[in-house]
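Student: Sequence:
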Amino acid sequence: MAERQASVDAVSRRFLLGGAVVLSLTGAAACGRKDDKATAAPDAPSVPAGPPEGSLEWAVQGPWRSAQDKARDAFRHPMETLRFYGLQPKMAVVEFWPGGGWYAEILVPYLAKGGGTYVAALFPEGPTADPAQAVLNAAFRTRFSSDKKLYGEPQFSVFGAASGPVTAFGTADLCLFMRTLHGWMAAGIAEKAFADAFAALRPGGVLGVEQHRLAPAQDQDPVAANGYVQEAFVRQLAAEAGFVFVEASEINANLQDTKDHPFGVDTLAPTRLTAPRGQPADPTFDRARYDAIGESDRMTLKFRKPE
7 MAERQASVDA VSRRFLLGGA VVLSLTGAAA CGRKDDKATA APDAPSVPAG
57 PPEGSLEWAV QGPWRSAQDK ARDAFRHPME TLRFYGLQPK MAVVEFWPGG
107 GWYAEILVPY LAKGGGTYVA ALFPEGPTAD PAQAVLNAAF RTRFSSDKKL
157 YGEPQFSVFG AASGPVTAFG TADLCLFMRT LHGWMAAGIA EKAFADAFAA
207 LRPGGVLGVE QHRLAPAQDQ DPVAANGYVQ EAFVRQLAAE AGFVFVEASE
257 INANLQDTKD HPFGVDTLAP TRLTAPRGQP ADPTFDRARY DAIGESDRMT
307 LKFRKPE
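Every number in the numbering used here is 6 more than the matching position in the sequence shown, counting from 1.
Certain hints may be false.
[Said to hold, decoys possible] In silico EDC-like links for lysine to aspartate or glutamate, alpha-carbon gap of 20 Å or less: (1) K96 to D179; (2) K76 to E63; (3) K308 to D179; (4) K96 to E86; (5) K119 to D179; (6) K154 to E59; (7) K265 to D225; (8) K119 to D153; (9) K96 to E59; (10) K198 to D227.
[To be verified] Label-pair restraints from in silico Cβ distances: (11) E131 to A223: 38 to 48 Å; (12) P289 to Q94: 44 to 54 Å; (13) A55 to R295: 41 to 51 Å; (14) S61 to T290: 46 to 56 Å; (15) G284 to A77: 25 to 35 Å; (16) V252 to G284: 34 to 44 Å; (17) F81 to K154: 30 to 40 Å; (18) A138 to R89: 25 to 35 Å; (19) K154 to R89: 42 to 52 Å; (20) E131 to T177: 38 to 48 Å; (21) P69 to F162: 19 to 29 Å; (22) V252 to F291: 39 to 49 Å; (23) T264 to A201: 29 to 39 Å; (24) P228 to K154: 42 to 52 Å.
Please keep in mind that the hints were generated in silico from the structure rather than gathered at the bench.
Just so it is clear, the structure is predicted and the values come from calculations on it, not from any experiment.
Think of the CB as a built atom: it goes at the ideal place given N, C-alpha and C, for glycine as much as any other residue.
Taking the hints into account, I'd like the entire structure generated from these sequences.
Tutor: Take a look at the structure:
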């Protein structure tokens, strides 16, 4: 009897010992899992995504734009201005006298990516062309024909006193006059600019005008020698061409601009004249007051061709 009890006790001890070993191993495994979780490397921080490729934000922030050009966004508000005009990626857009291409660097990639069309109506060309304007035209054509992946295939035409249509009749969705009207007044072709834009636009198409703004109480110089134009005069020119006024915006207003500068609007940035145009720069000219103003006070107007 005693021997049988001893046998039972031995079996019980082996059972209990085995259970303890199992529990010990299970606990160790569980501890190991906790430790692994605690010491696992944290997830890599997420990198904020940039604007979607092809969006207007993408075009405005584009790395192909120079730092100098981007610095002027604070005065020119390109995203807000183009949205005000109703720009869409599939539009056909004609920019009259794009100059060095400040706006084109935004518009051309945006329209190329979105399936739209960009037309640059450049300065007049030919034997009688202004040499400085001819240089700008050549540089513009080269610049925007150099990278088809970015710029696509922009179209080129000309606008001037003897020019023909800037694009096929009634095919443009948006025409842009960006700080150019005073030059056309000086050349006697302001009325032609509005007529050519009207012909280019489809019914319902938009004309966007941004122009250095003369105070209503100041007399309008017929040739706008100082670069400033009365808003009422711009509206009159548009109405005479057949346009309907839609809306005005203060996006590009600058209340610091007194509009009485010694070399007109070109006293201000970005031209920053210190002497009359065509004369050597004056190193003694005090620019502090004019640099504090920044760029000009500008009207931003939207017109529509009736449907």
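Student: Run every hint past the structure and note whether it holds.
Tutor: Comparing the hints with the structure gives:
no.: 1; hint: K96 to D179; result: 9 Å, holds
no.: 2; hint: K76 to E63; result: 13 Å, holds
no.: 3; hint: K308 to D179; result: 13 Å, holds
no.: 4; hint: K96 to E86; result: 18 Å, holds
no.: 5; hint: K119 to D179; result: 17 Å, holds
no.: 6; hint: K154 to E59; result: 16 Å, holds
no.: 7; hint: K265 to D225; result: 12 Å, holds
no.: 8; hint: K119 to D153; result: 13 Å, holds
no.: 9; hint: K96 to E59; result: 15 Å, holds
no.: 10; hint: K198 to D227; result: 18 Å, holds
no.: 11; hint: E131 to A223: 38 to 48 Å; result: 40 Å, holds
no.: 12; hint: P289 to Q94: 44 to 54 Å; result: 48 Å, holds
no.: 13; hint: A55 to R295: 41 to 51 Å; result: 43 Å, holds
no.: 14; hint: S61 to T290: 46 to 56 Å; result: 47 Å, holds
no.: 15; hint: G284 to A77: 25 to 35 Å; result: 27 Å, holds
no.: 16; hint: V252 to G284: 34 to 44 Å; result: 39 Å, holds
no.: 17; hint: F81 to K154: 30 to 40 Å; result: 31 Å, holds
no.: 18; hint: A138 to R89: 25 to 35 Å; result: 33 Å, holds
no.: 19; hint: K154 to R89: 42 to 52 Å; result: 27 Å, violated
no.: 20; hint: E131 to T177: 38 to 48 Å; result: 22 Å, violated
no.: 21; hint: P69 to F162: 19 to 29 Å; result: 25 Å, holds
no.: 22; hint: V252 to F291: 39 to 49 Å; result: 41 Å, holds
no.: 23; hint: T264 to A201: 29 to 39 Å; result: 34 Å, holds
no.: 24; hint: P228 to K154: 42 to 52 Å; result: 44 Å, holds
Checked against the numbered hints listed earlier, the structure breaks hints 19, 20; every other hint is satisfied.
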